[in-house]
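Trainee: Sequence:
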Amino acid sequence: MAAALLTGMISCNQAETKEEKKPGTFGEDVAFLQKHLQNVVVLQSSSDSSRVVVTGDYQARVMTSTASGSAGKSFGWINYNLVSSGKLSPHINAFGGEERFWLGPEGGQYSLFFPGGKSFEFDNWQTPGLIDTAHYNVKSQSANAITYQYAGSIQNYSGTTFKLDISRTIRLLDNNAIAAQLQYALPEGVKSVAYETENVLTNTGDSAWQEKNGLLSIWLLGMFIPSDQTVVVAPFKGVADAHAHITDDYFGKIPPQNLQVKDSLLLFRADGKARGKLGLSPLVAKSGAGSIDLENNTLTVLFYEVAPQGRYVNSKWELQKEPFKGDAVNCYNDGPLADGSQMGPFYEVESSSDARALKPGETLSYKQVTMHFEAADRTALKALAARLWSLPLEDVQQFLSKK
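If you read the sequence shown in our numbering, its first letter stands for residue 1, the second for the next number, and so on.
Think of the hints as simulated: they come from the structure by calculation, not from any bench. The structure displayed is predicted, hence computed values, not measured ones. Yeah, the Cβ is synthetic: ideal placement off N, Cα and C, and Gly gets one too. Be aware that one or more of the hints could be misleading.
[Unchecked claim] DMTMM-like cross-link-like pairs, simulated, lysine to aspartate or glutamate; straight-line CA separation at most 25 Å:
#1 Lys403 - Glu348
#2 Lys139 - Asp57
#3 Lys21 - Asp48
#4 Lys22 - Glu295
#5 Lys237 - Asp132
#6 Lys21 - Asp132
#7 Lys286 - Asp132
#8 Lys382 - Asp132
#9 Lys402 - Asp263
#10 Lys139 - Glu188
#11 Lys403 - Asp263
[Said to hold, decoys possible] Simulated DEER-style distance windows between Cβ atoms:
#12 Ala307 - Ser264: 33 to 41 Å
#13 Asp339 - Gly24: 46 to 54 Å
#14 Ala71 - Asp377: 15 to 23 Å
#15 Lys253 - Gly152: 33 to 41 Å
#16 Pro90 - Gly288: 31 to 39 Å
#17 Gly159 - Ala185: 52 to 60 Å
#18 Gly361 - Ala240: 38 to 46 Å
#19 Glu198 - Asp339: 51 to 59 Å
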């Protein structure tokens, strides 16, 4: 919950050198990144106009993507201010990007973000360098795929040191791979971009990781561009006690006009105007969270792995009674702080792996697929929403009309 304070402090710290730049085309974003960074790679398809841009300067981060070439819509939110400043900020460097690699947990007795013995307050909070400022090296590369590698170590709040290796592959997917993932062909009039990331964490130390000393999870966070007609869609298992496994009050209770829990779907307003955060336990979380933007006729969906009985790290800023009963999926809508400042606007969809007790040489592998679709008209968008979530667009329109 203290992340509410965190975001406010970040916003204030990074607003001083704001660059007056609005989200543009994919080509404009690539040119901007190439101007300010040294290691920018564009993955592209030979069969269509899909593109993805990644950088090792920001830990093998996917910065943005497009379904329509250089002149097409750019899907990822980029913190132009921070990137162009060429400076590093205290506590965290929120460069943006539509998929970044992190490790959990954030808070608790096994925290990776707080030094042992310190209170769980913002002044003591620090994003570890290997997921914030480290440069990841290219291990292999082709026209449509790239693999990065980083070797290092990290210590948790309880004093346990993890020696590890990180491997991260970003792979652009073609239409056949998209159809295979969806298990149906795309409707006529739909352009797409999709990529898979394969994230591998290896224990390179001499001893096994143990639950009593803390474990690590792979945490993937995506930042996207909102609109007044955007809603996050998060499917969940419609079991009798499902609501008990959904958290909707991280930053205070989300009001009903911004959140609808219907059947086995969450609809969450993603306009970048009111801060709120959701969390879904692995007991109810399902793969396939994403968003619909009626203003731009676009749809985004993320496919990830959920282990219902897995150990998921708890990231709350406190000493915890249940450190392995955290969220598998999170969704966030940005908005102004009490003083009117704001780092975004953006919205987020996040997923996490379970945490495992790896023996020396053992690995934890976690994959995620991100897909963006641009529909030529509302009919094609309606077909996609129906196939993915059995969600009528009329329900989305009705929800968004609430005040």
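Trainee: Please go over all the hints and tell whether each is borne out by the structure.
Mentor: Against the structure, the hints come out as follows:
1. About 22 Å separates the Cα atoms of Lys403 and Glu348, which keeps this hinted pair within 25 Å; it holds.
2. In summary, the hint linking Lys139 to Asp57 is supported, as the alpha carbons are separated by about 14 Å, within the 25 Å threshold.
3. Of the supplied pair hints, the one linking Lys21 and Asp48 is violated, its CA atoms being roughly 29 Å apart against a limit of 25 Å.
4. For the proposed pair Lys22 and Glu295, the alpha carbon gap of about 17 Å is at most 25 Å, so the pair holds.
5. The hinted pair formed by Lys237 and Asp132 fails the criterion: a straight-line CA distance of about 34 Å is larger than 25 Å.
6. Annotation: proposed proximity of Lys21 to Asp132 holds, straight-line Cα distance about 23 Å (limit 25 Å).
7. Pair hint Lys286 plus Asp132 does not hold up; C-alpha atoms about 29 Å apart against a cutoff of 25 Å.
8. This hinted pair does not check out: Lys382 and Asp132 have alpha carbons roughly 39 Å apart, beyond 25 Å.
9. Simply put, Lys402 and Asp263 have alpha-carbon atoms about 19 Å apart, close enough for the 25 Å limit, and the pair holds.
10. This hinted pair does not check out: Lys139 and Glu188 have alpha carbons roughly 38 Å apart, beyond 25 Å.
11. Our distance criterion of 25 Å between C-alpha atoms is met by Lys403 and Asp263, whose separation comes to about 22 Å.
12. Remark: the range hint 33 to 41 Å for Ala307 to Ser264 is contradicted by a beta-carbon distance near 19 Å.
13. Between Asp339 and Gly24 the CB atoms are about 28 Å apart, so this pair departs from the stated range of 46 to 54 Å.
14. A hinted range of 15 to 23 Å for the beta carbons of Ala71 and Asp377 is consistent with their spacing of about 20 Å.
15. Checked against the hint of 33 to 41 Å, the C-beta distance between Lys253 and Gly152 comes to roughly 40 Å, which is consistent with it.
16. Distance hint check: the CB atoms of Pro90 and Gly288 are about 37 Å apart, consistent with the given range 31 to 39 Å.
17. Remark: the range hint 52 to 60 Å for Gly159 to Ala185 is upheld by a beta-carbon distance near 54 Å.
18. Against the hinted window of 38 to 46 Å, the Cβ-Cβ separation of Gly361 and Ala240 comes to about 43 Å, which satisfies the hint.
19. Distance hint for Glu198 and Asp339: a CB-CB separation of about 41 Å, inconsistent with the stated range 51 to 59 Å.
Hint compliance for this structure: hints 3, 5, 7, 8, 10, 12, 13, 19 are not met, and every other hint is.
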